[in-house]
Amino acid sequence: MKRKGWMKATFAGLLSIAALSSSPAAQDKPQEPTKEVHTIDASTPRERQIELALSAAPTEVSSKATVYILWAKGYEKVREGTNGFSCLIERSFKETMQVSAAPACFDAEGSRTLAQTILRREELRAQGKSEAEISEAEIKDDIAQGFTDGRFKVPGPGFLYMMSNENCFYDSDAKQWGVVPPHLMFYAPYKTAKDLGYEAISPTMVPYLTYPGPEGLIVVMAKKPAQDSSSGDSHKH
Amino acid sequence: MNRKMIKTITLRILALVAVLCAARPGRAADAKNPYPTSMAPLDQYLMDRNDEIALARSAAPPSIAEDATVMVLGRYGYETAVEGTNGFVCNVDRSWMDQFENSPEFWNTKRRGPVCYNPQAARSVLPITLIRTKLALAGRSKSEMNEGLKAAIEKGELPVLEPGGMAYMLSKQGFLNSKCGNCAPHLMFYVPVKDAHTWGAGALGSDAPVLLSPHFNGAPEPVTEFIVPVTEWSDGTPANTDDHAH
Chain A
157 MKRKGWMKAT FAGLLSIAAL SSSPAAQDKP QEPTKEVHTI DASTPRERQI ELALSAAPTE
217 VSSKATVYIL WAKGYEKVRE GTNGFSCLIE RSFKETMQVS AAPACFDAEG SRTLAQTILR
277 REELRAQGKS EAEISEAEIK DDIAQGFTDG RFKVPGPGFL YMMSNENCFY DSDAKQWGVV
337 PPHLMFYAPY KTAKDLGYEA ISPTMVPYLT YPGPEGLIVV MAKKPAQDSS SGDSHKH
Chain B
9 MNRKMIKTIT LRILALVAVL CAARPGRAAD AKNPYPTSMA PLDQYLMDRN DEIALARSAA
69 PPSIAEDATV MVLGRYGYET AVEGTNGFVC NVDRSWMDQF ENSPEFWNTK RRGPVCYNPQ
129 AARSVLPITL IRTKLALAGR SKSEMNEGLK AAIEKGELPV LEPGGMAYML SKQGFLNSKC
189 GNCAPHLMFY VPVKDAHTWG AGALGSDAPV LLSPHFNGAP EPVTEFIVPV TEWSDGTPAN
249 TDDHAH
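Going line by line, the protein sequences match chains A and B. All the letters of the first sequence, read from the start, carry residue numbers 157 to 393 under the working numbering. All the letters of the second sequence, read from the start, carry residue numbers 9 to 254 under the working numbering.
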């Protein structure tokens with residue numbers, strides 16, 4: 157296997173590179189996010205949402221996956237898959253501002269567990285008259301309560317793909333959008349940095365650990381299949 | 009002693025020699041497979057204890073390996089040489105960790121695979137190594153080892169796989185096989201076995217983002233092992249971009 161093109165920096169380093177990948181001029185003049193390009197909501201055309209969701213995994217996987225897209229009441233299943241995977245665009249918010257739009261394809265274990273929390277998040281957001289009317293703190297509390305009362309299940313071993321070239325996040329410090337490099341995330345509920353051999357979470361740790369608690373994930377940067385042309389290579393950043 | 013009797017004795021000695029040669033451990037089968045087709049004398053798999061400890065530790069960054077438990081191969085199986093404090097366990101795999109089918113190097117005496125398991129994998133994956141090694145050192149053939157493992161699995165002797173289980177294989181000094189030597193630094197992740205193709209993982213040498221290890225995967229261990237190459241060896245030096253993972 158040729159390893160040319162593999163990521164040569166750490167996860168944190170790559171995020172930094174991504175965040176700073178705009179021109180120097182752009183860095184001098186921080187830009188507000190461009191909604192048309194970076195953010196996703198129920199008004200985003202259906203075909204565009206499907207395209208983005210499928211861009212998270214190799215075609216071999218995404219072509220047989222269940223697909224969810226955003227609509228007025230949360231997520232809508234637009235295709236029933238055959239391989240257990242579920243692809244969607246996961247969003248996150250900081251207060252009222254959308255700060256990420258991350259295409260993700262969960263394996264069967266993740267579809268049964270963590271993906272359900274993502275569906276719930278968007279269901280709650282859709283219950284507000286606008287996204288500003290339900291706070292992220294309320295959503296966080298609901299998800300946490302769901303793990304306690306059994307609505308949500310802690311995942312067993314498995315992983316999800318985040319291989320899209322259009323995995324966008326907003327860097328609030330740099331005040332600009334960046335792209336998270338392709339990566340895999342292995343389910344690691346309740347794991348700590350010590351489980352990976354580190355004293356504490358560090359930006360330079362490889363692999364990286366994110367999200368404490370039942371939604372813990374081990375992040376491993378991955379290369380993009382060279383011949384997979386379907387996976388978001390047409391991004392416009 | 010007449011000539012007929014001498015001929016008979018000679019033939020019997022030759023036959024006995026042939027049988028003994030066939031049964032001799034480590035005998036090479038033919039020119040196509042230069043590796044032993046059965047277990048070689050145990051000494052050929054053993055290492056100097058301190059060298060093995062150092063090699064095992066080279067699997068992970070020093071910050072992890074220095075506080076890890078280290079197991080070394082002894083005459084009766086792996087034994088704890090260093091008691092660690094961080095829950096990690098490092099050891100040096102031998103050739104019998106290869107898959108049972110299509111594995112000409114299954115008894116290769118040169119094989120040295122340094123690996124450090126995190127706490128979850130140490131509890132739920134390392135036992136595979138210990139069981140395989142126990143069977144190999146008991147003199148079992150490859151097929152007998154396979155059957156022995158199946159029996160162990162049926163008896164529930166393998167722990168349930170834990171989420172978050174992973175292992176470091178970042179040693180520059182290892183020898184994983186004759187095709188790639190120390191191959192490429194990589195991480196390994198474990199999930200319950202299922203149809204391997206549903207994961208979208210590629211075969212070794214493919215261009216897929218995550219590679220499917222040929223080890224285990226239901227034959228017979230109910231574990232799928234994924235390989236994710238990384239760019240640095242445990243000593244922090246960059247890997248050659250042309251290196252292969254296994």
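Quick caveat, the hints were computed from the structure, so don't treat them as lab data. Among the clues, some could well be false.
[Said to hold, decoys possible] Cβ pair distances, simulated, as ranges: (1) A:350 <-> B:168: 15 to 25 Å; (2) B:165 <-> A:355: 44 to 54 Å; (3) A:355 <-> B:188: 29 to 39 Å; (4) B:88 <-> A:204: 36 to 46 Å; (5) A:204 <-> B:91: 30 to 40 Å; (6) A:296 <-> B:165: 14 to 24 Å; (7) B:107 <-> A:368: 53 to 63 Å; (8) B:88 <-> A:355: 46 to 56 Å; (9) B:88 <-> A:346: 20 to 30 Å; (10) A:294 <-> B:214: 38 to 48 Å; (11) B:214 <-> A:204: 29 to 39 Å; (12) B:227 <-> A:233: 51 to 61 Å; (13) B:227 <-> A:346: 43 to 53 Å.
From the three backbone atoms N, C-alpha and C, an ideal C-beta is built for every residue, glycine too.
Q | Supplied distance hint 15 to 25 Å, evaluated on CB atoms of residue 350 of chain A and residue 168 of chain B | A | holds, 22 Å
**Q.** Satisfaction of the hinted span 46 to 56 Å by the C-beta atoms belonging to residue 88 of chain B and residue 355 of chain A
**A.** violated, 24 Å
**Q.** 14 to 24 Å as the expected CB spacing between residue 165 of chain B and residue 296 of chain A, which holds or is violated
**A.** Violated, at about 42 Å.
Q. Between residue 227 of chain B and residue 346 of chain A, does the C-beta distance stay in 43 to 53 Å?
A. About 31 Å separates the Cβ atoms of residue 227 of chain B and residue 346 of chain A, which means 43 to 53 Å is violated.
Q: Hint says 29 to 39 Å; check whether the CB-CB distance for residue 214 of chain B and residue 204 of chain A agrees.
A: At 30 Å between Cβs, range holds.
Q: With respect to the beta-carbon atoms only, verify the hint that residue 355 of chain A and residue 188 of chain B lie 29 to 39 Å apart.
A: For residue 188 of chain B against residue 355 of chain A, whose Cβ atoms are near 33 Å apart, the range 29 to 39 Å holds.
Q. Lying within 20 to 30 Å: is that true of the beta-carbon distance residue 88 of chain B to residue 346 of chain A?
A. holds, 27 Å
Q: Just tell me: holds or violated, for the beta carbon distance of residue 88 of chain B and residue 204 of chain A against 36 to 46 Å?
A: Between residue 88 of chain B and residue 204 of chain A, where Cβ atoms are some 57 Å apart, the hint is violated.
Q. Does the Cβ pair residue 107 of chain B, residue 368 of chain A satisfy 53 to 63 Å?
A. violated, 37 Å
(Q) Assuming the hint says 51 to 61 Å, is it satisfied by the Cβ distance from residue 227 of chain B to residue 233 of chain A or not? (A) violated, 36 Å
**Q.** CB-CB spacing for residue 91 of chain B and residue 204 of chain A relative to the 30 to 40 Å hint
**A.** This hint is violated: roughly 57 Å between Cβ atoms.
(Q) 38 to 48 Å was suggested as the range; check whether the CB atoms of residue 294 of chain A and residue 214 of chain B agree with it. (A) For residue 294 of chain A and residue 214 of chain B the Cβ distance comes to about 45 Å; the hint holds.
Hints 2, 4, 5, 6, 7, 8, 12, 13 from the list above are not met by this structure, while the remaining hints are.
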